[in-house]
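Asks: Protein chains in written order, with my numbering: chain A, 1 to 377; chain B, 1001 to 1254; chain C, 2001 to 2338.
Treat the hints loosely; a few may be bogus.
Claimed, not checked - Here are the simulated lysine to aspartate or glutamate pairs, EDC-like style, with alpha carbons at most 20 Å apart:
#1 A:Lys187 - B:Asp1126
#2 A:Lys215 - B:Asp1097
#3 A:Lys201 - B:Glu1095
#4 A:Lys198 - B:Asp1066
#5 A:Lys198 - B:Asp1097
#6 A:Lys215 - B:Asp1126
To be verified - Label-pair ranges, simulated between beta-carbon atoms:
#7 C:Ala2298 - A:Tyr168: 45 to 55 Å
#8 B:Ser1216 - A:Arg353: 44 to 54 Å
#9 A:Trp14 - C:Ile2320: 49 to 59 Å
Keep in mind that the hints were calculated from the coordinates and are not lab data. Just so you know, these numbers come straight off a predicted model, no measurement behind them. For each residue, glycine too, the CB sits at the ideal point set by N, CA and C.
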Amino acid sequence: MAIFSVVVLTMPLWMQPFGAAYPDILQKFVIFGVFAIGYNILFGLTGYLSFGHAAFLGVGSYTAVWSFKLLTMNIVPAIILSVVMSGIFAVAMGYVALRRSGIYFSILTLAFAQMCYNLAYSVLTPITNGETGLQLAKSDPRIIDRLFSEAGEGLPSTTLFGIETSGYSGFYISAVIMIIVFYISLKIFNSSFGLKLKAIKANQNRMRYLGFNTKPYLLSAFVISGMYAGLAGGLLAATDPLAGAERMQWTASGEVILMTILGGVGTLFGPLLGVIIIKYFENIFSAVNQLDLHSLYAIFPAWLENSLVAISSLFVGEGWHMTLGLLFMFVVAFLPGGVLEGLQLIYKKIKTRLIKNNKSTGTDTDTKQETGANHGE
Amino acid sequence: MGSKAVLQVTNVLKTFGGLKALNNLNLTIEEGTVHAIIGPNGAGKSTLLNVCIGQLTPDTGSVEFDGKNITGLEPHEISQRGISRVFQTPQIFEELDILQNVMIPALAHLDGQFTFNAVKDLRHRDDVKRAAMEIIEQMNLADQLHDRAGAMSRGNKRRLELAMCLVQKPKLLLLDEPTAGMARADTNQTIEILKKIKATGMTKVIIEHDMNVVFSLADRVSVLAQGTIIAEGTPAEIRESEIVKEAYLGGAKI
Amino acid sequence: MDAILLQLLNGLDKGGAYALIALGLTLAFGTLGIVNFAHGALFMLGAFCAVTFNKLLTISKSVKDESITFFDAYKEVPYLEIWWGETGTSIIDYAVPLSIFFAIPVMLFIGWALERGLIQYFYKRSHASQILFTFGLAIVIQEIVRHVFGANPIPTPAPDVVSGSANIGLYFGLGENIIYPWWRLIYLSFSICVIGAVFAFLKFTTFGMVVRAGIQNREMVGLLGINIERRFTIVFSLSAVVAGVAGVMYAPIVPPDFHLGMDFLVLTFVVVVVGGMGSLPGAVAAGFLLGILQSFAAMNEVKEILPGIDQIIIYLVAVIVLLVRPRGLMGVKGVFED
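Whenever a hint applies, use it, and build me the whole structure from the sequences.
Replies: Next comes the structure, spelled out in structure tokens:
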């Protein structure tokens, strides 16, 4: 845990060589990290595939921005409120959706998220400000702030008791929160609650016949992961006080699913790994343009250069989504355990190879046991 | 034998479509006995067990357990009252290891149907681990403690499931063909284990095809045919009964 | 009264599209057990078949514009007009209905390629992996289309003769205010014909019989020694074709863009669930039903009472149906009941 904290907090240092050491992307890493950790508690432990978590992200963002508008620019109440609010939404959605399982659960959550999304764009515009998105305005009441000071010139910025929460400080605040929620998820994984959730995933009927009422377990997991999503939404608003309905679209749910399975669903670190991979490449790929490609392939003859550029441009810039889609297909098809499992397999393979080389005879049984254990993981 | 009824099934009717799977069935299981239920395929044996554990609700009639009506209760409520069932095809948590498989029912027994304890590390739950280990050792599974349950042989899966039921210390254990599809050696081992449990005085209902198993374990035998009990008695009585031979065995030798 | 009739008609043509997409989705799910999130993308591909065909027909040559005499002006004249004159012009005019004949082989091929190339490896995987895989596939298809055709909607006009509106009210003596676009009427009749054709195919051919048996009991049909694999390919291609032609004919109603498929997909999934997973009549009935409900919810009178209801009505119905009658309106008891 200590090592983990150090690794996270020193990200600005070791991300330097990757060209990802600026606050914008670092914030994304940790905030979406919170989102994915939370999603993993539901999908990873119980196997319930929700397509509705983007709704909680959106609810969290809207709540936080409203807290900035009405109460104070301090992020503490904003974040607490966004967690509470998304928790309430999660109870409502979970109570209904969890009455079914399998693809019906997926479709029910999808239906809920789409309802929220459509409403945010139509009737709820007074609350969500429709397509423009909810923003701060000079005329906002901010009652608590007004108690202490007059409204200043220009728009105020979000703070944590006076510390501005954009830029690097925003990253550190989010990072500390992420470390805390990661620790909570670690606790959940190792608790009896976590084991019961895994057992529900493995064989829910058996759990019932063993005397467990599975509904409240599932609902707790659903609400916890919904609150994580709300927290992530609140943090997004805290670092950049703006909330739009597109955050609630089901493709956003798709993204968090991808992050979770890409890294390794059901593992502790997998989702974080997935977040970093996706957000990092999103950042790089979507920034590349035709000129960059031409210079990249400049060493090839012109005809080859042009065709290479034409092919690659499918996948970069605007075409980043294509890469994402392909990645999605690839991971689901070949690496259902995610990158983490892939790495483990490679590691084990190398290890067995080494053992084989070291002892040229009589090691067959060892190797077999080794691979047997692999499958058991 | 104790004369107190643990399980009392009264006039239970259960139909699927037009088919009467259970036809006004009456059955009393006395405390401390091993009660075998035999009958041809489709006689309604599994339906009877499903009704007892709350998987199915009878159309009419009632099931009483320990003097209280349990008809229409949820499966988990019935299980919490002390009925445990071993399924015909082992119902275990294939993705988890053996220790976890047994710890889960131990948790159900110790913590009840729902406790939200997401903070305490499971490794510090000594009571759970002790209860689980005790049974695992009894079942000779201790050497494979951290093997994935799904990777075990069928016989071991069955023993594991039995362990999962026993760790709950049920008042009534329902066994659905505990030796079906087992090799001779495995069958004998299972019989030995069941005999050992019999000594503890736990009430058991066994559904079984293998007459060897039935006659070596059972105190009483009920014969089920077409959804109703057609005969009941000690193993010796059933062996001699003409009705049984005709209705069930079709004249084949026992 | 007129308003209600008009909304009914409005709902029917949208319902027709839902029903067609839902039909293909159900065919794939019922027989192959595949939850295909890329099905909406197939619908979208159909619409772009119409776009492509239209473009093919109007490949043009620069010709000196004779009507402008005081300077050299050029205009684009489609080859078809140069070659065949009037006939060429009317062929271009009928591009959308004609492109059905173009779309059928194209969609058959796409369906075949997808099933053989990708989908077949997912029959034995969990529904969750199927959903995720086809979700990725849908994104890829969508992005390819965007790359080729750009991000903007492409207007694809219906033939001139039917581009106007029909005064249905007058025809049937129901008042003069029921004015309804011809093309939508055609779409409605077209979807009914396609649905009829699919049902007839399933009902009266041996192949269809096997497919229906497969929906009821997949393992059984496998045991009969029937070459399931080839049939699966055909069924998947068929579902792609149904989605495709639905898309072709829909192009004049909504100018297709690359995310047309996703918009429809979510809705049709809900339709399938409401109708009952695996029930073909259920899919059709729920498609029309939800189309009609949606258009009634969009009436101003309704919106005044329940603001925003038009946005969520379908989802609301789905939630209620799933909770009250989990197997859907016409679902078979015990089939896909989870």
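Asks: Run every hint past the structure and note whether it holds.
Replies: Going through the hints against the structure:
1. A:Lys187 - B:Asp1126: Status holds; Cα separation ~17 Å.
2. A:Lys215 - B:Asp1097: violated (24 Å)
3. A:Lys201 - B:Glu1095: holds (9 Å)
4. A:Lys198 - B:Asp1066: Given pair A:Lys198, B:Asp1066 is violated - Cα atoms ~33 Å apart, limit 20 Å.
5. A:Lys198 - B:Asp1097: holds (11 Å)
6. A:Lys215 - B:Asp1126: violated (27 Å)
7. C:Ala2298 - A:Tyr168: 45 to 55 Å: holds (49 Å)
8. B:Ser1216 - A:Arg353: 44 to 54 Å: Holds, since B:Ser1216 and A:Arg353 (Cβ atoms, about 53 Å apart) stay within the stated range.
9. A:Trp14 - C:Ile2320: 49 to 59 Å: holds (52 Å)
Of the numbered hints listed earlier, those contradicted by the structure are 2, 4, 6.
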